[in-house]
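*Asks:* Read off the chains here:
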Amino acid sequence: MNWQPSASLQALHARAELLANIRSFFAERDVLEVDTPIVAARGVTDPHLSNVTVKLCGDGLSQSEYFLQTSPEYAMKRLLAAGSGSIYQIAKVIRNDEVGPQHNPEFTMLEWYRLGFDEYQLMDEIDQLMCSLLGCKASKRVTYQEAFLTVTGCDPFTAQGIESLRSWLVERDLGDWVKDEPDPDTLLYLAMTHYIEPTLGQTEPTFIYNFPASQSALARIHSDDPRVARRFELYIDGVELANGFYELTDAMQQAQRFAADNSIRMKQGKPRALEDERLVAALQAGLPDCAGVALGLDRLLMLKLGVSQISDVLAFPIDRA
Amino acid sequence: MASYSTNEFKGGLKIMQDGEPCSILENEMVKPGKGQAFNRVKIRKLISGKVVEKTFKSGESVEAADVQEIELAYLYSDGEFWHFMNNETFEQIAADEAAVSDATKWLVEQDVCTLTLWDGKPINVTPPNFVELEITETDPGLKGDTQGTGGKPATLVTGAVVRVPLFVQTGEVVKVDTRNGEYVSRVQK
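Protein sequence lines, in the order shown, are assigned to chains A and B. FYI, in this note's numbering the residues of the first sequence are 199 to 519. FYI, in this note's numbering the residues of the second sequence are -9 to 179.
By construction, these hints were calculated from the structure, which means they are not laboratory data. Idealized CB from N, CA, C, for every residue including glycine. Don't take each hint at face value.
Unchecked claim - Computed beta-carbon distance windows for the label pairs:
1) Gly298/A - Gly140/B: 45 to 55 Å
2) Gln400/A - Val42/B: 20 to 30 Å
3) Arg34/B - Pro396/A: 21 to 31 Å
4) Glu78/B - Gly504/A: 54 to 64 Å
5) Lys465/A - Gly69/B: 51 to 61 Å
6) Ser91/B - Val368/A: 46 to 56 Å
7) Ala336/A - Ser(-7)/B: 43 to 53 Å
8) Gln400/A - Arg34/B: 51 to 61 Å
Okay, chain A solo, but in the shape it has when bound:
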């Protein structure tokens, strides 16, 4: 019986120190720590995420099945709409069907929102946090388009570019489905995960920004260029560490994105996800202008300790939990 932790005692100490340093970083900046539910009435609509559900019994509950949160995003936005000011949270989140060397179904996320910031100001702050926690070099910024042009020579924002990307991928013989794949985003994800990500953040932390509008998630669309979403990701040593947005605040667009997610779910033969009406109502009441980011703390600790398995930084990963 394997009852012992998979992380070393040294890693557990490093985790405690990391959490303390993060808390003092935000305390110095007057960002409020908050705590939102893991068990909630609604899950995500995101077609690529899967909530774990739990059954609850009890008098006065409005439903029997609840959703373990994949991120504290919706609840934190409701706090922002309620006038909380800038907030952060160190949250346990749970995602179904994610197990691997860099994935544990339950992991720790640092998520924060800065009022009055756009994505560039937030990237500056993330840079400061990374330098203080990891002692790394200052980051560099590369647009999504530049990253694709550098590695594949294909422009992700034109129909012609997508077709040349398809040929580029077909040459790499990953599978017969690639030549007939109808969804351009799937081709972009394939190139990104297999060929671009491994090259990112090798000498200094690298932000990729200006994602395609089709991958906007909850970021607002660029007013000058509707093909581009104001979304960014941070990579260090080829590992995706954080994902952030200049947040969408328009309730109508939010409702449309939920509906769009659900139509993708239908096409994929997945069940329709209940849309979080409380988030839409909060946006209707008014979400202040803000930028927000979610950062994987376990992966950050892996980088700090120079280990490659998430189990090296977790006391009890899922196979020992």
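Once you have looked at the hints, place chain B on chain A.
*Replies:* Structure of chain B alone, referenced to chain A:
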């Protein structure tokens, strides 16, 4: 037609790819925080023996390969086919040259071999790990050499050539490891 979802992928699972049955060697999930997940797998093609990397969209289904392994005793070869028999049911199966391939040089009558069947037809024959075969030809060695240093080539009754110690002589039976083709010991008749 049977199929497997990518979340059933694991080492040893048999799937169809490029029209050929394949065995999964490694399976790795590639999952961006936002966006499509993939299963990146390393597979061995069971007919050509090639090892290749493929990527599947997570959640997709992949055609299963009807592959099974059975243990059969080797009977004889008629020059075109190699015949095997199930020792319990006495059912016989013939494997062609492509299926038997390199195993021919290790086939000993009555030895139990592992046959890989695809849709009921043999595609591969694996001989036992150890076989005992008579030497038909080897140079006379030095009598006094019992250390087995150096060694010399010896041709076995099946045509296989193995390196044996100098003291081993024509007509003797030797035990050979079929996985690396190396001499193990002499066998007392």
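*Asks:* Hints first: check each against the structure and report whether it holds.
*Replies:* Checked hints:
1. Gly298/A - Gly140/B: 45 to 55 Å: holds, 51 Å
2. Gln400/A - Val42/B: 20 to 30 Å: holds, 27 Å
3. Arg34/B - Pro396/A: 21 to 31 Å: Distance hint for Arg34/B, Pro396/A holds at roughly 24 Å.
4. Glu78/B - Gly504/A: 54 to 64 Å: For Glu78/B and Gly504/A the Cβ distance comes to about 57 Å; the hint holds.
5. Lys465/A - Gly69/B: 51 to 61 Å: About 57 Å separates the Cβ atoms of Lys465/A and Gly69/B, which means 51 to 61 Å holds.
6. Ser91/B - Val368/A: 46 to 56 Å: Between Ser91/B and Val368/A, where Cβ atoms are some 32 Å apart, the hint is violated.
7. Ala336/A - Ser(-7)/B: 43 to 53 Å: Distance hint for Ala336/A, Ser(-7)/B holds at roughly 50 Å.
8. Gln400/A - Arg34/B: 51 to 61 Å: Given a distance of about 32 Å, which is not inside 51 to 61 Å, the answer is violated.
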